[in-house]
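K.L.:
As given, the protein sequences belong to chains U and W, one line each in that order.
Here the first sequence is numbered in the numbering used here, starting from 637 and rising by one per residue.
Here the second sequence is numbered in the numbering used here, starting from 637 and rising by one per residue.
These are computed hints drawn from the structure, not numbers from a lab.
Incorrect hints may have been included.
Since the list gives no way to pick one copy over another, a pair counts as held whenever it fits inside one copy or between any two copies.
Claimed, not checked - Straight-line distance between alpha carbons at most 25 Å, and here's what the computed SDA-like set of lysine to any residue pairs gives:
no.: 1; residue 1: 647; residue 2: 666
no.: 2; residue 1: 638; residue 2: 664
no.: 3; residue 1: 866; residue 2: 943
no.: 4; residue 1: 808; residue 2: 764
no.: 5; residue 1: 638; residue 2: 862
no.: 6; residue 1: 1010; residue 2: 700
no.: 7; residue 1: 680; residue 2: 960
no.: 8; residue 1: 638; residue 2: 818
no.: 9; residue 1: 808; residue 2: 666
no.: 10; residue 1: 866; residue 2: 899
no.: 11; residue 1: 668; residue 2: 657
no.: 12; residue 1: 647; residue 2: 786
no.: 13; residue 1: 870; residue 2: 727
no.: 14; residue 1: 866; residue 2: 939
no.: 15; residue 1: 981; residue 2: 1013
Number of protein chains: 2
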Amino acid sequence: MKNFTYVNSTKIIFGKDTESLIGEEIKSFGGKKVLFHYGGGSIKKTGLYDRIIKSLAENQIDYVELGGVQPNPRLSLVRTGIELCKLHDIDFILAVGGGSVIDSAKAIGIGAVYEGDVWDFFTGNATIESTLPVGVVLTIPAAGSEASTGTVITNEDGWYKWSVNSVLIRPKFAILNPELTYTLPDYQTVCGASDMIAHVFERYFTNESGVDFTDELCEATIRSIMRCVKMVLKDPTNYDARANLMWEGTLAHNGILGTGRIEDWASHKIEHELSAIYDIAHGAGLAIIFPHWMEYVYKHDIYRFARFAHRIFNVDVDFFNLEATVLEGIKRLKNFYKEIGLPTKLKDVNIGSEHFEEMAKKATINGPIGSFVKLNTEDVFNIFKLALE
Amino acid sequence: MKNFTYVNSTKIIFGKDTESLIGEEIKSFGGKKVLFHYGGGSIKKTGLYDRIIKSLAENQIDYVELGGVQPNPRLSLVRTGIELCKLHDIDFILAVGGGSVIDSAKAIGIGAVYEGDVWDFFTGNATIESTLPVGVVLTIPAAGSEASTGTVITNEDGWYKWSVNSVLIRPKFAILNPELTYTLPDYQTVCGASDMIAHVFERYFTNESGVDFTDELCEATIRSIMRCVKMVLKDPTNYDARANLMWEGTLAHNGILGTGRIEDWASHKIEHELSAIYDIAHGAGLAIIFPHWMEYVYKHDIYRFARFAHRIFNVDVDFFNLEATVLEGIKRLKNFYKEIGLPTKLKDVNIGSEHFEEMAKKATINGPIGSFVKLNTEDVFNIFKLALE
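Using the sequences plus the hints, can you model the full thing?
P.N.:
Below you can see the structure in the form of structure tokens.
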């Protein structure tokens, strides 16, 4: 077990009707003039927009609006947000939406208090030293960005999808009302679940030994996500199923499950190349990449993968053929993804091999990726090939 | 699943040699003149005392010492600490030890900034509004006080062992070096494990439905504590076993496992009566009380207890006789306690029935206790009787 430092300063406000507290919370964190940041406008249809405006007004909080965040949030809109913040002396950013909106808000936050170009933080040419505070009303449980230290932004100039991390950019608070997720289309719900599971996988597959406790917590989380997402598909307004899934999305990525472990993150980097070029949902890309990453690397630690198969999918352990145990586990993972309506092959989303070389090169532009198994350009190319059909 | 608000502001610094950071951390939280609070002096034998003094000196931090904290920490010493704080203009309290030292430090912290008598907070005659900041170097993983909102103090005048809770009294930071626990006597190690398990039980046995995720997390935590404490008994300097156990102690009581749930806490209140009068170790008292509390209440929700038996102890579920499944689970819990050297009956610690009535009355002095099943004075008396022999 590795040394670590852990604190998560994001205040979680969880449950029914909690979005009515938004104005009060912003005020308690000193916000007086807010950039109200959101996505495609579904919050207007559901009435959430109006409830938020009302709460801001009741608390004498001024705001400037910036909607239009797309999935795989774009650098150009981040730059627009930064200009608005500087122009209007914004002192707080409110993100209402899912991971894309929150990531966009975090990037605006660091850019608004920086003289240079915000992309510097993503290329490593600048280090985050401060930010405008960010608060969240979550509407899509998935990315865990509401209590995480990261943001991932897509630069349209070259379609680079890159991330930056700092404890400074954790949101001040996150309001999680499971009822706000009742109207999510099934496909967004399952892409979210896939993203959560992937966040746990990136921590679960580790070379660090002696981490029994977080192994157990990771397995517990994955099992429960898998159960809850199926319940939600059957009954989209099942409050408890929605609530468990939402809280799982936060804990899968708030850092607790990685304490004392070396994390991997190769599959995320590989998937980012896919969604940067093809603009597919991140969760769908992960459902395609992860089983094939597993097929490519499982021999590195067959015991961990056998445990995975047994603990997550209840595969009967064949002690004389652990490999069969592992392969059965990976097969059941693919079946789980299919059952909830996710693709498991590139062919399923009409992606061919035409950009494999380019994507493999871009994924490894700063050297080999991953830490469970270090993958070079050729390895990434091979994983794309495995994932083809 | 219930609405909740959650944030844990305690910074955890975990791993080998981390105690050398103590001066630096205190300074970062503004501490200049410290009350250095500890227990019976084992920290002098191990050299920890010297390392701390050195780190304080290197960071130009002045200190006043107050050792002598006993298990079931006493109000009289808390009062002495408060006087010292006021006399020397102390601005930070450093607790080096286990739960008793930390609880004592927390009580001193709230008393030092209050005009009246500190016991007012425990009787409900005053509300915590501020505190001196507290930092921790943990040497006994057990109580979880290093990242919790509570403190439990024993008033020798009537032997009342009472608690008070507030998010304001969470320690600012907690340094957890598993190596510092290598020299713990076996009995303290297992009492600590028993306390951790009890903290999870108090959250696990709930009437709140639809809490699959935290059910899974609770079960994962209990299983891992049980495995790790056995590994520690076999090999007290097994770093990973000590490390997992230490981190489990914190997470068992930092609030995460209770999110969205209604917690119980009857067994803790019943045990407090035992350890207040007989001064037995809290963890030993819990090992005696919990199985008998279970025997007394399991019919209230036989399904939850069957799940407990199956998930924690791998009891084969007898669907035609769930009661047998439950009783087998409770039997295995007792066997686990015995196996690691804990008492499971009052007779084992030479306690007879002479104070049953008095203890049952004191436990219910403010009305019925517990929320899974509400227990009145007679119920508590009956549980003591079940626990006798």
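K.L.:
Please go over all the hints and tell whether each is borne out by the structure.
P.N.:
Consistency of the hints with the structure:
no., hint, result
1, 647 / 666, "both (15 Å within a copy, 23 Å between copies)"
2, 638 / 664, "between (36 Å within a copy, 24 Å between copies)"
3, 866 / 943, "both (23 Å within a copy, 21 Å between copies)"
4, 808 / 764, "both (16 Å within a copy, 24 Å between copies)"
5, 638 / 862, "between (29 Å within a copy, 21 Å between copies)"
6, 1010 / 700, "neither (45 Å within a copy, 52 Å between copies)"
7, 680 / 960, "neither (51 Å within a copy, 55 Å between copies)"
8, 638 / 818, "between (40 Å within a copy, 17 Å between copies)"
9, 808 / 666, "both (11 Å within a copy, 22 Å between copies)"
10, 866 / 899, "neither (28 Å within a copy, 28 Å between copies)"
11, 668 / 657, "within (15 Å within a copy, 38 Å between copies)"
12, 647 / 786, "both (17 Å within a copy, 19 Å between copies)"
13, 870 / 727, "neither (42 Å within a copy, 57 Å between copies)"
14, 866 / 939, "between (28 Å within a copy, 22 Å between copies)"
15, 981 / 1013, "within (20 Å within a copy, 64 Å between copies)"
Hint check: violations occur at hints 6, 7, 10 and 13; the rest are consistent with the structure.
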